[in-house]
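Asks: Sequences and hints are given; from them, build the entire structure.
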Amino acid sequence: MASEPPTWREVTHHQTTNNSHFKRLRDYSERVWKPFVYSSAYLAFIAVAEVIIVMSLLSLPLSPAPIVVGLITFTIYTNDRLLDLESDAASNPQRTAFVRRYRHPLYVLSALAYGLAVALAALGGPLAFGLTLFPGVVWVLYAMDWISTSSLPIQRLKDVLFVNSTLVATAWSLTIVLLPVAYANATVTPAAGVIFGYFVLATFVNTEIANVRDIKSDRARGVSTLPTVLSVTRTRHALYGITLLTGSILGYGVIEGYVTAMAAGVLSVGLVCLLGVTGAIGRIDERWLSISAECTRLPVFALLVLFTLL
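Residue numbers (numbering that gives the first Met the number 0): 0 to 309.
Treat the hints with caution; some may be incorrect.
Quick list of simulated restraints, FRET-style, between CB atoms [stated by the list, open to error]:
1. Ala219 x Ala118: 36 to 44 Å
2. Ala237 x Thr169: 13 to 21 Å
3. Arg220 x Arg286: 15 to 23 Å
4. Leu132 x Phe35: 23 to 31 Å
For lysine to aspartate or glutamate, the following EDC-like pairs were computed, each having C-alpha atoms within a straight-line distance of at most 20 Å [unchecked claim]:
5. Lys33 x Glu293
6. Lys33 x Asp83
7. Lys33 x Asp87
8. Lys215 x Glu85
9. Lys215 x Asp87
10. Lys33 x Asp79
11. Lys215 x Asp83
The hints are simulated quantities; they were obtained by calculation from the structure and are not laboratory data. The beta carbon of each residue, even a glycine, is placed where N, CA and C say it ideally should be.
Replies: Below, the structure is given as C-alpha cells:
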C-alpha cells in the first residue's frame, strides 16, 4: 500500500526546521566572518599565502618568513583601521563600528602580533630583522600626520597621488619577496626581480581598486587617488593597462629565462582574476571589490599547492 503524502503541518514543520538550521548556520558564519574580515586577519592570511608563493617559485627552504609577514600585516592594517576610525565611518560603517567596539582587544592583539614577529625576525639575522621592521616604518611615514606643521604644511604621504599606492605596493612587495630570501641566506636572482615587479604592480592595482570605495570620503578630505582625480571609468582603463603591463613583465621573464613558462602561467592566473575584478569597477557594489582584488593571489596559491600534491 502506498504511503500517505505528508500533511500540510508536517511539510510546514520540515520547512521551519530547515529554516532554523539555515539561520543558525548564517549567524555562525557572520560571527566568524566579521572578526576575520574587519580585524584584517584575512589580509594576514593572504600575506602568508603570498610569501609561500614566493618560496615555492624561488625554491627556497621552509622558514618563519610567512608567519612573520602575516603577523606584521595584521599589526599594520589593524592599527591603520584604528587610526582612521573617523574617516572610514562614511565609506565603511560596519567595519568601523566593529573596530570601534573592539578597539582595546585589537590594540592588544596587534601589539602581541608585532612582538612575536620581531622576535621571530631576530632569529633570521640583521637583514630579516630590518625587512620585518620596514613596512612598519613606511606605515608611520605613510599614515601619520606628523610631518604637517603650521609653518610647513606638507601633506601626509597617504594623501598624495601615486605616492600613496606606490609606497604601499613597494614596501609590502619588498618584504614579501626578500624576507624568505634573507631567511635562506640566498642571493637575489633575476627571478626574484620579476616576481617583485609582479607583486608591486598587482598590489598597486589592488590599492587603487580599494580607493574606489573611498572616493567620496577621500574627496571630502582632499586625498588624491586615481578615482578622485580621474573618473571611475578612466581608473578602470588605467588599471587594465597596469595589469597588462604586469603580464608583459612575466613574458619578459620567460623570454630571458628568468622564470619558467609554468611559473609565469601560474602567476598569470592571478592577473586574469585581477582583470575580472577591475572590469567590475563601477558596475557592482564597491564593498566587495577591495576584498575580491586582494584575494586574486589565492588562486595562484591554490594551484601551487595542487601541483605540489600531484
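Asks: Hints first: check each against the structure and report whether it holds.
Replies: So, going through the hints one by one against the coordinates:
The hinted range of 36 to 44 Å is satisfied by Ala219 and Ala118, whose Cβ atoms lie roughly 41 Å apart. The hint said 13 to 21 Å for the Cβ distance between Ala237 and Thr169, and at roughly 18 Å that hint holds. A C-beta distance of roughly 19 Å is found between Arg220 and Arg286, which places it inside the suggested range of 15 to 23 Å. Restraint check, Leu132 to Phe35: a C-beta distance of roughly 26 Å satisfies the suggested window 23 to 31 Å.
With a C-alpha separation of about 17 Å, the suggested pairing of Lys33 with Glu293 holds against the 20 Å cut-off. Distance restraint check for Lys33 and Asp83: the Cα-Cα separation of roughly 18 Å lies within the 20 Å cut-off, and the hinted pair is therefore satisfied. Distance restraint check for Lys33 and Asp87: the Cα-Cα separation of roughly 16 Å lies within the 20 Å cut-off, and the hinted pair is therefore satisfied. At most 20 Å may separate the alpha-carbon atoms for a hinted pair to count; Lys215 and Glu85 meet this at roughly 14 Å.
Of the supplied pair hints, the one linking Lys215 and Asp87 holds, its CA atoms being roughly 11 Å apart against a limit of 20 Å. Annotation: proposed proximity of Lys33 to Asp79 holds, straight-line Cα distance about 17 Å (limit 20 Å). The straight-line distance between the Cα atoms of Lys215 and Asp83 is roughly 15 Å, inside the 20 Å bound, and the hint therefore holds.
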